[in-house]
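Q: The primary structure of each chain is shown beneath.
Protein chains: 2
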Amino acid sequence: MRRWNGWGDENNGMELPPGGVGFLHERVGKAKALADASLESVLARTPPSRLPAHPLITTDAEARVRHARGQSLPDWLAMRSGDFQYFPDGVAFPESSEDVRELLDFCLERDIVVIPYGGGTSVAGHINPFDSDMPILTMDMGRMNSLLELDEESQLATFGAGTPGPHLEAQLRARGYTLGHFPQSFELSTVGGWVASRSSGQQSLRYGRIEQLFAGGRVETPRGTLYIPTFPASSAGPDIREIILGSEGRMGVLTEVKVRVTPLAEKEDFYVIVFPSWTQAKTAARELVQGKTQLSMLRVSNAVETETQLALAGHPRQIEWLERYLKWRGASEGKCMMTVGVTGSADQCRAAKRQFNALIKQHRGVNTGTLLGRKWAQKRFLMPYLREALWRDGYVVDTLETATDWDNVDHLLNKVEANLRAGLEPEGERVHVFTHLSHFYGQGCSIYTTYVFKSGVTYEETLARWRRMKTSTSDIIVNNRGTISHQHGVGKDHAPYLPVEKGELGMCAIAALCREFDPQQLMNPGTLIASVEPPQATVKKSVKRGDAWTT
Amino acid sequence: MRRWNGWGDENNGMELPPGGVGFLHERVGKAKALADASLESVLARTPPSRLPAHPLITTDAEARVRHARGQSLPDWLAMRSGDFQYFPDGVAFPESSEDVRELLDFCLERDIVVIPYGGGTSVAGHINPFDSDMPILTMDMGRMNSLLELDEESQLATFGAGTPGPHLEAQLRARGYTLGHFPQSFELSTVGGWVASRSSGQQSLRYGRIEQLFAGGRVETPRGTLYIPTFPASSAGPDIREIILGSEGRMGVLTEVKVRVTPLAEKEDFYVIVFPSWTQAKTAARELVQGKTQLSMLRVSNAVETETQLALAGHPRQIEWLERYLKWRGASEGKCMMTVGVTGSADQCRAAKRQFNALIKQHRGVNTGTLLGRKWAQKRFLMPYLREALWRDGYVVDTLETATDWDNVDHLLNKVEANLRAGLEPEGERVHVFTHLSHFYGQGCSIYTTYVFKSGVTYEETLARWRRMKTSTSDIIVNNRGTISHQHGVGKDHAPYLPVEKGELGMCAIAALCREFDPQQLMNPGTLIASVEPPQATVKKSVKRGDAWTT
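Protein chains in written order, with the working numbering: chain A, 121 to 671; chain B, 121 to 671.
Hints are computed from structural coordinates only; laboratory data are not their basis.
Treat each hint with caution, since some may be false.
Remember, identical chains collapse to one label, so a pair may be satisfied in a single copy or spanning two.
[To be verified] Computed cross-link-like contacts, DSSO-like style, restricted to lysine-lysine with a CA-CA straight-line distance of at most 27 Å:
hint : residue 1 : residue 2
1    : Lys387    : Lys412
2    : Lys590    : Lys535
3    : Lys473    : Lys387
Note that the coordinates shown come from a computational prediction; the quantities given were computed from them, not determined experimentally.
Could you build all of it, start to finish, from the sequences and the hints given here?
A: Written as structure tokens, this is what we have:
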């Protein structure tokens, strides 16, 4: 069964290797775990539901608790402490677009707030209920989880929006296809959630981001049903898909998703290359992607992440031999790991391997082969379980991510890391910070930073530590040419930073779309943008006629 | 100097080869050219300008005539007959974003309609003035034509929005880069026009459509300046770039465009392959693109287009030898030509060639080498001059284009061709119709159909012939899962068909954006959508509060 207060299935887990604990002691000091609340204590504290009865809605306390929080660090602390603050008043489990339509109409007539819910894996507060005078209904799409249609000639598959990653891939694999969308949250996140939050998968170099994979579908909006037909491409005006991508439930509920699929590849390998320095690793990665080498995945860890990964790898003898070999080849202190995926026909993989080997040689990279890459691939979706293991030892882990143009990567990365590393200096605490680049484009890449620190003496202190670091680093990101999110979306946590990125008129455009689809403003309020009210004082020109947004 | 009543430069032109004329006689009959009006007669008929004086605006009659029409067939007939109907009241030639801002403010204060003008190459009526009580200003962006900035690390270039194709490529080539965006209109069209109309170039397989190339920039809107910052990718809400892409001047004037550029490739070749049949050629193309073979260009002509191209090729002896060779290899009656471009490093080109040769062999394709491909590359931007040559012989040529999913390609193509071929049957005229597929995606491809017919006895009759075919075929396209445009945009000519494609709510979303950016509705009215007024009767749910779009 799924954990009510953490990541994944109760039967799955991860242990820190003994060397790993020692490594953290050395980096941030000895820690002491905070006590977890019990499910029973939380259930006892759920307030009565304010929802009128409806056959598709349950107001069962456990369902409400299990849908009250996502997977952000504040969510984690709330679930562990039992201090949830807010709960949905009920949870619906629609089984069809018609069910969703009926539920929406029910809510619109009664002024009930609707929060669409995919896998509940948001790390930015997308699905959190809030202080509201109106009742809140969470709409869990989990029962709409089937492959509805597969057009093998056009390579288009239609899924229920609540289909989670493993189930989606299993249904496709049975027919010889893959979507190839593998975010870290793959085990639990859903195709509808991927679209609504503009997600990106680990092999986006081959398969594209969800923007490239989402071909159309069906959205139940407060104004009626929006069908987005499929075209391979079109120049006919602004693209409606791009309005729904990243709409985060503000414009309606995605019920059916059409995605572009690919036949399963003949061959796939992941290589680990080690470079003597950060600059060499980063430059090699940039040149690989700018040279359009046909890779499926690319990731570059900085020196601290490389060191941390090797320390936590759990097979110290092998790692010792590897380190000796690398030292002999010129990569010791400050060395950086790159993981390269090649996927495709045998000939494509051979060509890609030939091309990347030629390029990494120019930057003194050492190809260690596929052994470490295979281990990475095996464990690629287990990383979220690491938070559980660290928590038991008294450590808190969170990640921050952004993307920026190549000319700004080092500048932004250094600012983010420096701010986090010094984040708890006032209280004499150390923070262990490391980073990788993991999604690559000709223009730039994503920056994904992990930070580990000791939990405070209380939950409140722990949350305050986190908030200080999160807030100041988010400020640094948006004010230094970084996007507030490359792959996690905006939610409620990033909403205050969005105006810096979109600008005043950009925010007006998004607000206008929200008002258009959801005139009553009942869809997931507070997510994506704080307010959709037309701004009054910000208009450059006075409006003389056709002032369409006067409320 | 640029032709005032046709395509391109007066010193450039094209002649039909003698065999070509005979071929058309045989297919559609002997024709007689209509007489052209003189520039003087048109100048004499321009009404007085209604614009107040402004130092950046000229009301010179020739400037107004030269900006009154694009390159659609109705535009062509208007320019040839001299019956222009409407003219802009003046033309402005801004040299900076500040000039554009000043002009916009001038127009907003005085209720002057603004038509942004790039290269004037629209084939869908984007830049045509219309019957209006308000004066109309055309804003020609042609003086904003410089490379403003080149970031070689992030491979981003900033151009003035009025930079035309050859000038843009020359400025980049001098620095070792290319944008790689080569629409048929390349000689005259501009980077701002490409973005505003969601253009696609012949080598989009390698470089992407303009959607993938447009990274950000500056838009002067009636509500103020919209800056779109560059990010390699972002999951932070709906993408503002995607709102401006395809906005066709309805939301403002693009003044600076940031595009993603690529270093000039080491190697480039175009091969011509001939297949015994349409099905074999089409299937090979689909499998090449679905197999992610690294090509830069792909094009498949159907049997009539293949036959027509060979007849009009102008070197009959060589073609005769080629036909004999192909017959010996099994490709005679019904054979179809494919053009394949490979671009990249030497190793990438070798790998691509190896992969496509292996695949075409499975479909009995005959690779004729690079000779015909070189000829195609040399003449690739001269095709628009062909209309001039045909016109002098009494023939009218136009094209129609769409895109659809693979499972629907043959169905739609056959419907479009059959409708055009029978288009003039009531008056006993024949129409010569042929098609190629020219932009390929895993999901489907574009369909580009050319049709040639004899001009009528009068201009009115000729226009009526065209309109009947255009209208009925556009209906067929949007009602048979085709987009109303894959690469030409909507303009005024396609606007009536857009609601079928976008749906009622999709149209509401686009209208809301237009109202948001342009509350006075002075920006290019009638283009893209017929009306941006909020629909009254189409709302599914009655609006109870926050009804933001009540006028």
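Q: Now look at each hint and say whether the structure bears it out.
A: Consistency of the hints with the structure:
When the C-alpha separation of Lys387 and Lys412 is checked against a cutoff of 27 Å, the pair qualifies both within a copy, at 19 Å, and between copies, at 14 Å. For the homomeric pair Lys590 and Lys535, the shortest alpha-carbon distance inside one copy (13 Å) is at most 27 Å, but the shortest distance between copies (58 Å) is not. Taking the closest pair of Cα atoms, Lys473 and Lys387 come within 27 Å of each other both inside a single copy (12 Å) and across two copies (20 Å).
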